[in-house]
Each structure stands twice: as structure tokens, then as C-alpha cells.
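There are 2 protein chains.
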Amino acid sequence: MSASGKTRLPGRDALRDSVLGGDLVFLLARANALTLAAANAALAEHGLKARSYSVLALAADGVRPTQRELAEFLRLDPSQVVALVDGLEQRQLVERRTDPADRRANVLVATDAGRDLFARAQQAARAVELGLLAPVTPEEHERLAGLLRLLAFPD
Amino acid sequence: MSASGKTRLPGRDALRDSVLGGDLVFLLARANALTLAAANAALAEHGLKARSYSVLALAADGVRPTQRELAEFLRLDPSQVVALVDGLEQRQLVERRTDPADRRANVLVATDAGRDLFARAQQAARAVELGLLAPVTPEEHERLAGLLRLLAFPD
DNA sequence: ACGGACCGTTGAAAATGTCAATCATTGGTG
DNA sequence: CACCAATGATTGACATTTTCAACGGTCCGT
Chain A
258 MSASGKTRLP
268 GRDALRDSVL
278 GGDLVFLLAR
288 ANALTLAAAN
298 AALAEHGLKA
308 RSYSVLALAA
318 DGVRPTQREL
328 AEFLRLDPSQ
338 VVALVDGLEQ
348 RQLVERRTDP
358 ADRRANVLVA
368 TDAGRDLFAR
378 AQQAARAVEL
388 GLLAPVTPEE
398 HERLAGLLRL
408 LAFPD
Chain B
258 MSASGKTRLP
268 GRDALRDSVL
278 GGDLVFLLAR
288 ANALTLAAAN
298 AALAEHGLKA
308 RSYSVLALAA
318 DGVRPTQREL
328 AEFLRLDPSQ
338 VVALVDGLEQ
348 RQLVERRTDP
358 ADRRANVLVA
368 TDAGRDLFAR
378 AQQAARAVEL
388 GLLAPVTPEE
398 HERLAGLLRL
408 LAFPD
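In the order they appear, the protein sequences are chains A and B. Take any residue in the first sequence, note its place counting from 1, add 257, and you have its number in this note's numbering. Take any residue in the second sequence, note its place counting from 1, add 257, and you have its number in this note's numbering.
No wet-lab data here; the hints were simulated from the structure. Don't take every hint at face value.
Unchecked claim - Simulated restraints, written as ranges between beta carbons of each label pair: (1) Arg332/B to Arg383/A: 20 to 30 Å; (2) Gln349/A to Arg273/B: 25 to 35 Å; (3) Lys306/B to Ser336/A: 17 to 27 Å; (4) Glu302/A to Val339/B: 30 to 40 Å; (5) Arg377/B to Ala298/A: 33 to 43 Å; (6) Glu396/A to Val339/B: 37 to 47 Å; (7) Pro395/B to Arg360/A: 31 to 41 Å; (8) Asp412/A to Pro335/B: 34 to 44 Å; (9) Asp270/A to Glu397/B: 23 to 33 Å; (10) Arg332/B to Pro392/A: 43 to 53 Å.
Don't be surprised by glycine CBs; every beta carbon is placed ideally from N, CA and C.
Build the full structure now, drawing on both the sequences and the hints.
If you want it as C-alpha cells, here you go:
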């Protein structure tokens, strides 16, 4: 404990080998921070962030989600969804249609321009994802997604 | 209810099966949001959050990290670390010691009370983690941690 | 000894997150 | 049918977190 290692600063490794190195919550937070940053950087050239990309994605593949459903799915406060949709709607990428089955609710639909932009943005997103998962085999990739789904949707 | 409706609202499943359902960045974000919330709730009774818990953890297992290292490791701005350490130091859980090898740097060390609190908080943290991973075998748990480490530490 | 780089700290601005109140609408109950 | 509690969207206020730029103190190579 004393001789050579005592006053040494921890290399990158000392921290990784600490208690936190096995802490799932921490690993998730850090992995999330890095991937989010990478995704935002890649989406920036399309004028999107991970958030707006997610909303656009759901609007674009015809799921016709309600804003309330969006909020729940993306784990956002409904008021944040308002702002997000406002932004996309002003850029004519998305339309609010009042749900015929429930006139309180707005259903989100992508415009042609929206689907178009999404298609391009999705390529960027996929490229990022592949880059992040470069050190991982496709099988492990799928396994990771499966395990994350268990954490992300615990029912 | 019939299964044929065209204008029907998406059930929970329709959104999960959308493009985002396979999006790693999204899954990470959502899994992170849920686990973070669970961790914060569990740590609250010890007066900690995931952030302060992480700092305390690193101080408590004798890694003697520098604030700069803390910032890098936790992916925080150095100024945020200042606030975090301030909080823990005022509660006498942690001490700032100027690094003898570099007098610009502060090395973080846990007090006895700090180690004590950490020991208790860690139990809560572990309980949460086990709860979150209930639907997963221990092997898969370890595999998940390994894969997340690849994303969290890409070198 | 000098100058550029680095550490911690401060303060401010921007972005996000959280909450309560409101309006219009819905669905169920008497 | 009329009522009313519950729900979706929206707004505005407020707290928390993130992001930057600037600064004094210290280190290190030249």
C-alpha cells in the first residue's frame, strides 16, 4: 500500500476497477451520455437532436401516436412534447391532427417532407449506432438491445 | 375490441414495435431514465442522488481521485463537480486534500462518516439493481454489464 | 525565469425537468 | 338526459442541470 502506489494518481483503470465499474446505473448513465452526444452530433446536420428525431421517427412510420403517448413513451413531461412538436410543426415536418375518436387528443402525422428528412436522418443515426457498436458482433448487438428492452420496458 | 381498426390508437406495443424499438440510443436513454429514477428514489432516504452517490463511492474506496478525474469519469463539467463535492464536504462525508504531487489538484477522500454512509447507501443501490434485473439471469446480468462497458469506455 | 498548459473555482446563460392551473372534451353514473 | 370526475393539450412559473468563458494558482519544458 505504501511503496510505489500510494501517492499515484489513479490511472483511467483505477476508477474503472472501482465499485462503480460494476454499477449498472452508472454504466447506463455513462453509456447513455456518450451515445447521446454522438447521436446529437450526427443529427445536427439535419437540424435535429435525439429528442426531435425520436418524435419525427414515430410520426414518420405511421403509428399515429397521441402526444400523451409520445410523452409516456419518451419519458417526457407532456409540456415538453408540446414544445417538441411545435418545433417540428413549424418546420412543416409534422402535422397535428385532432383524433377523430377523441377530439381532445392530437395525433401526430409526418408530412412528405418529414418522412423525407427522417429517411436521411435515419441513415445518419444508423451509421452512428454501427460506429458505437463496432467492437461488438451483430449477435451481441442484438442481445444488448434485448437486455436493454427489459430495462426500458419492465412489464 | 376488434383488431382491424385503421384509425385506432397505438397500444403500448405499436410504439415499441416502431423504428425506435430497435434504436440503441433510444433504448439506452429510456433504460437510463428509469434506472436513474429508481436509484434516486432509493438513495433519497440517505440524502443522496445517483450523482453524489457516485462521487462518494469513488471517494470511499480509496481511489483518491482528483476532481478533474471525477469530472471526466462521470462525464460532468468540472464546475459541477465543485458543487457536488461542496455538498458532500459540508456534510462531512468527504474531504478535499491538496494532492502532494500536484498542488493545483484536490484529491477526494471519504471520512469515516462518509464510508459509513456509503456502506449503507450501497446496499440500497444494490437492492435497486437487483430489482431492476429481476427478469434476467446472473449470467445475462454480467453480459449486459460487459456490453455496457464497451459503450461506456470506448478505448 | 518565462510562457503555455492545466486544476479548481466562480458566475452567467441556455437547455431541461418538474409542477400546478386551465380549457375542452370524454365517459360513466344517477 | 344532466352531471361530474377524469383526461389530453397547453401555458406559465419555477427548479435543476448543462454548458461556457474567465480567473488565480500551480506545474513543466525551454
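Here is how each hint holds up against the structure:
1. Arg332/B to Arg383/A: 20 to 30 Å: 24 Å, holds
2. Gln349/A to Arg273/B: 25 to 35 Å: Hint holds: Cβ distance 28 Å, inside 25 to 35 Å.
3. Lys306/B to Ser336/A: 17 to 27 Å: Holds, since lysine 306/B and serine 336/A (Cβ atoms, about 23 Å apart) stay within the stated range.
4. Glu302/A to Val339/B: 30 to 40 Å: Given about 34 Å between the Cβ atoms, the range holds.
5. Arg377/B to Ala298/A: 33 to 43 Å: 40 Å, holds
6. Glu396/A to Val339/B: 37 to 47 Å: The hint (37 to 47 Å, Cβ to Cβ) holds, given that glutamate 396/A and valine 339/B are roughly 44 Å apart.
7. Pro395/B to Arg360/A: 31 to 41 Å: Distance hint for proline 395/B, arginine 360/A is violated at roughly 51 Å.
8. Asp412/A to Pro335/B: 34 to 44 Å: 40 Å, holds
9. Asp270/A to Glu397/B: 23 to 33 Å: Given a distance of about 26 Å, which is inside 23 to 33 Å, the answer is holds.
10. Arg332/B to Pro392/A: 43 to 53 Å: 19 Å Cβ-Cβ, so the 43 to 53 Å window is violated.
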